[in-house]
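Asker: Kindly generate the complete structure, drawing on both the sequences and the hints.
Chains A and B, in that order, are what the protein sequence lines are. Heads up: the first sequence at position 47 corresponds to 47 in my numbering, and the numbers run straight through without jumps. Heads up: the second sequence at position 194 corresponds to 194 in my numbering, and the numbers run straight through without jumps.
It should be emphasised that the hints constitute simulated quantities derived from the structure, not laboratory data. Keep in mind that a hint or two might mislead.
As the list claims (entries may be wrong) - Calculated pairs, DSBU-like style, for lysine-lysine (alpha carbon to alpha carbon, straight line, at most 30 Å):
| id | chain 1 | residue 1 | chain 2 | residue 2 |
| --- | --- | --- | --- | --- |
| 1 | A | Lys40 | B | Lys133 |
| 2 | B | Lys156 | A | Lys54 |
| 3 | A | Lys46 | B | Lys293 |
| 4 | B | Lys37 | A | Lys54 |
| 5 | A | Lys54 | B | Lys133 |
| 6 | A | Lys46 | B | Lys139 |
| 7 | B | Lys196 | B | Lys177 |
| 8 | B | Lys369 | A | Lys40 |
| 9 | B | Lys49 | A | Lys40 |
| 10 | A | Lys54 | B | Lys35 |
| 11 | B | Lys11 | A | Lys54 |
| 12 | B | Lys37 | A | Lys40 |
| 13 | B | Lys293 | B | Lys92 |
| 14 | B | Lys78 | B | Lys11 |
| 15 | A | Lys54 | B | Lys49 |
| 16 | B | Lys40 | A | Lys54 |
| 17 | B | Lys313 | B | Lys369 |
| 18 | A | Lys46 | B | Lys369 |
| 19 | A | Lys46 | B | Lys313 |
| 20 | A | Lys40 | B | Lys122 |
| 21 | B | Lys44 | A | Lys40 |
| 22 | B | Lys44 | A | Lys54 |
| 23 | B | Lys235 | B | Lys362 |
| 24 | A | Lys40 | B | Lys28 |
| 25 | A | Lys46 | B | Lys37 |
| 26 | A | Lys54 | B | Lys28 |
| 27 | B | Lys133 | A | Lys46 |
| 28 | B | Lys196 | A | Lys40 |
| 29 | A | Lys40 | B | Lys40 |
Said to hold, decoys possible - Pair by pair, the computed Cβ-Cβ distance ranges are:
| id | chain 1 | residue 1 | chain 2 | residue 2 | range |
| --- | --- | --- | --- | --- | --- |
| 30 | B | Lys11 | A | Leu9 | 43 to 51 Å |
| 31 | A | Gly52 | B | Lys40 | 13 to 21 Å |
| 32 | A | Ala47 | B | Asp320 | 56 to 64 Å |
Ideal Cβ positions, reconstructed from N, Cα and C, are used throughout, including at glycine.
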Amino acid sequence: MRMHVRGELRWAIILFVVYLFSPLGNAAAQENNSSSACIKCHTDFKAMDRYGAKAAAGAAAIAG
Amino acid sequence: MRGRDIYGVSKDFVNSNHGQIGCVNCHKGQNVDDKDKAHKGMIKDPSEKDGGGVCRECHEDITSTFKNSMHYQLNGIKSIVGTIIKPHKMGKTLLPAAWALDCANCHSTCGSCHVAWPIVAKGGLLNRHRFMKTPPMDKTCYACHGSRFAGEYMGKLGATADVHYEKGQMVCTDCHKAGELHETQPKGADRYYAVKTVRCVQCHPDAAKSGSSKIAMHNAHPAGTLACAVCHANKYFNCTDCHVSLDFKQAGQKPEVIFPSNPLFTFKIGRNIDRSPANPYKYNLVRHTPALKDSLASLRYFQAVLKGAPGPKDLIANYDALPTWNSASVHSIQLRTPQNQTCNSCHGHKELFLTQSDLTSKDPAANEKIIVRKIPPPIKR
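Answerer: Here it is as structure tokens:
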């Protein structure tokens, strides 16, 4: 019984390590701190214009 | 034409040191495609909080002084308002709300100089989120100081530009270094008493040596008599914006525009009541501040509507305590000006001095301290 639990634990650790270093795990870890979606939109002026960015830019003016 | 970019970020910013921190690490929000979800909880200006915000993590040396600086705290405005409303307490009036809506628009943050246009200029990114180590004068300094210093300096108010700009091509930060802009000493001082400010004599040491100067007119006036600008400034602008308000006291009444700076251009030599070791001059140029005893009268009625009970009848109860002609840091400096052509271009010219005849019955009593009672007589050859 003890050997069985130890075997399962070993497999769980191995699978976790494999996941961490796999492209899938890497992407998930990166996504937590990433700003890829923000950058994708905010550097695409045409995309932002669809949300009214061009109109907002035109409305900005100096107060003096 | 796109106009000013509010939200557009350049790709090269993304690869810069600041860009690599990642948007969500400063601005919060979420890194998802859906616009509404992405912006939920987003902080527009992450540098605002406590005079540094997220910038503090790497720039503690600057934010530790900036949080108490005039640019962040607007010390002068606070102390003036606190003085003229005595014995009323600001917290029991609508002034804190008025401050947040209006006055605070001129308070600056790290971001409102180095990344974006100031709030008073309606915001927007300066250069697609690239961080500007030296803020561009015409977009940042001018946005808040446009109706006086920066506008005068660049000649945008209809008078001659400053020689330092016109001939020297100098920008604000050539004189006003980062140390002065990021720190006010002594702590809590307003601009008349701040000591970490630039003085003309730092670049023109010979000009100030009364008695041993190469310039006859400098020798003729004892040291500490005239501020440099008295002889070297051209006409300048009176204040026009911040204190101008619509005044209405009853429902249905046609609002009256309070606009007492008339004429807009002025040149007045007055007595300097803010003398200090760094600013020892007896006479300085003075500028009119558009404020009357009932300038804030509307707040009483707004308070009645918003809070259920009207504010104090005499909100500016201590109106007489402070002058409405104040020392001016005029930025229209020229070597030769109308008043420094000859001795008698100034001497005997009453119109160049603030005198009793310039005051009105509505002026505060403190203006009496500013007026010049004895005009220097013409010099007889």
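Asker: Are the hints correct? Go through all of them and say.
Answerer: Comparing the hints with the structure gives:
1. A:Lys40 to B:Lys133: 26 Å, holds
2. B:Lys156 to A:Lys54: 28 Å, holds
3. A:Lys46 to B:Lys293: 52 Å, violated
4. B:Lys37 to A:Lys54: Within the cut-off at roughly 21 Å; holds.
5. A:Lys54 to B:Lys133: The given pair, whose Cα atoms are some 27 Å apart, holds under the 30 Å limit.
6. A:Lys46 to B:Lys139: 25 Å, holds
7. B:Lys196 to B:Lys177: 10 Å, holds
8. B:Lys369 to A:Lys40: 62 Å, violated
9. B:Lys49 to A:Lys40: 28 Å, holds
10. A:Lys54 to B:Lys35: 16 Å, holds
11. B:Lys11 to A:Lys54: Measuring from Cα to Cα gives roughly 18 Å; hence the hint holds.
12. B:Lys37 to A:Lys40: 15 Å, holds
13. B:Lys293 to B:Lys92: 19 Å, holds
14. B:Lys78 to B:Lys11: 41 Å, violated
15. A:Lys54 to B:Lys49: 29 Å, holds
16. B:Lys40 to A:Lys54: Roughly 22 Å between the alpha carbons, so the hint for Lys40 of chain B and Lys54 of chain A holds.
17. B:Lys313 to B:Lys369: With Cα atoms ~27 Å apart, Lys313 of chain B and Lys369 of chain B stay inside 30 Å; holds.
18. A:Lys46 to B:Lys369: Status violated; Cα separation ~61 Å.
19. A:Lys46 to B:Lys313: 54 Å, violated
20. A:Lys40 to B:Lys122: 25 Å, holds
21. B:Lys44 to A:Lys40: 18 Å, holds
22. B:Lys44 to A:Lys54: 18 Å, holds
23. B:Lys235 to B:Lys362: With a Cα-Cα distance of about 25 Å, the restraint between Lys235 of chain B and Lys362 of chain B holds, given a limit of 30 Å.
24. A:Lys40 to B:Lys28: 16 Å, holds
25. A:Lys46 to B:Lys37: 20 Å, holds
26. A:Lys54 to B:Lys28: 24 Å, holds
27. B:Lys133 to A:Lys46: 29 Å, holds
28. B:Lys196 to A:Lys40: 44 Å, violated
29. A:Lys40 to B:Lys40: Distance of about 17 Å is within 30 Å: holds.
30. B:Lys11 to A:Leu9: 43 to 51 Å: 47 Å, holds
31. A:Gly52 to B:Lys40: 13 to 21 Å: 18 Å, holds
32. A:Ala47 to B:Asp320: 56 to 64 Å: Since the Cβ atoms of Ala47 of chain A and Asp320 of chain B sit about 59 Å apart, the hinted range of 56 to 64 Å holds.
Comparing the model with each numbered hint stated earlier shows that hints 3, 8, 14, 18, 19 and 28 do not hold.
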